[in-house]
Amino acid sequence: KAGVTQTPRYLIKTRGQQVTLSCSPISGHRSVSWYQQTPGQGLQFLFEYFSETQRNKGNFPGRFSGRQFSNSRSEMNVSTLELGDSALYLCASSLWGDRGRVDTQYFGPGTRLTVL
Amino acid sequence: AQKITQTQPGMFVQEKEAVTLDCTYDTSDPSYGLFWYKQPSSGEMIFLIYQGSYDQQNATEGRYSLNFQKARKSANLVISASQLGDSAMYFCAMREGDNQGGKLIFGQGTELSVKP
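As you go down the protein sequences, you meet chains P and Y in turn. Counting with our numbering, you get residues 1 to 116 for the letters of the first sequence. Counting with our numbering, you get residues 1001 to 1116 for the letters of the second sequence.
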């Protein structure tokens, strides 16, 4: 079974631009979560989507948004990029992400975003 | 307050020896899950092992075992017979409760270096 895929793998943007990152979960997985990883802040939860609905949101400004499609694929968008948005963005999928049940999240290779 | 604490920023171990990576957590929720992930320099997060708060026995997966001490709120990862390919960052993570969906809280990580 194919793992989680993320595109693009690398991206260079300038301040003020916007960017869209894509994530395809493992086949059959319905929950997709996004994380930002930086040397200073470590790994931080951005948001989670389940059945096309945002179910959980981390403490990030409104410039960070996402969506999920009916095939469970997800995209995240960052508008008005800032230098501090330079990071590795990781997507993870899980089978259910079910309340009351802890299931494992499997991560993709990440998209490394550099903002100049 | 830190929910997940990894007190060892870096560790060295001789090839074929065992090593323990420390993780303590803080939660008031009786239902939670603890995870360990490995992140090589390529960036992808690789799932290693999972321990549920209600699990009676310590989790094991091949050369990985989790030393779960609930009263002390610790979930240390033990890697037996270290290999050169084990050199990587290791992250401890927690999912709290029944209402957090796919949100994982990560520690700051421990960088493990295996010496030949």
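Read the hints as simulated data drawn from the structure, not as lab findings. Please read these numbers as outputs of a predicted model, since none were measured by experiment. Do not rely on the hints blindly, as some may be mistaken.
[To be verified] Only pairs whose alpha carbons sit at most 30 Å apart, straight line, appear in this in silico DSS-like list of lysine-lysine:
id : chain 1 : residue 1 : chain 2 : residue 2
1  : Y       : 1073      : Y       : 1016
2  : Y       : 1016      : Y       : 1070
3  : Y       : 1003      : Y       : 1073
4  : P       : 57        : Y       : 1073
5  : P       : 57        : P       : 13
6  : Y       : 1070      : Y       : 1003
7  : P       : 57        : Y       : 1003
8  : Y       : 1016      : Y       : 1115
9  : Y       : 1070      : P       : 57
Verification of the supplied hints:
{"no.": "1", "hint": "Y:1073 <-> Y:1016", "result": "holds (29 Å)"}
{"no.": "2", "hint": "Y:1016 <-> Y:1070", "result": "holds (29 Å)"}
{"no.": "3", "hint": "Y:1003 <-> Y:1073", "result": "holds (11 Å)"}
{"no.": "4", "hint": "P:57 <-> Y:1073", "result": "holds (26 Å)"}
{"no.": "5", "hint": "P:57 <-> P:13", "result": "holds (25 Å)"}
{"no.": "6", "hint": "Y:1070 <-> Y:1003", "result": "holds (15 Å)"}
{"no.": "7", "hint": "P:57 <-> Y:1003", "result": "holds (17 Å)"}
{"no.": "8", "hint": "Y:1016 <-> Y:1115", "result": "holds (9 Å)"}
{"no.": "9", "hint": "Y:1070 <-> P:57", "result": "holds (28 Å)"}
When the structure is compared with the earlier hints, no violation turns up for any of them.
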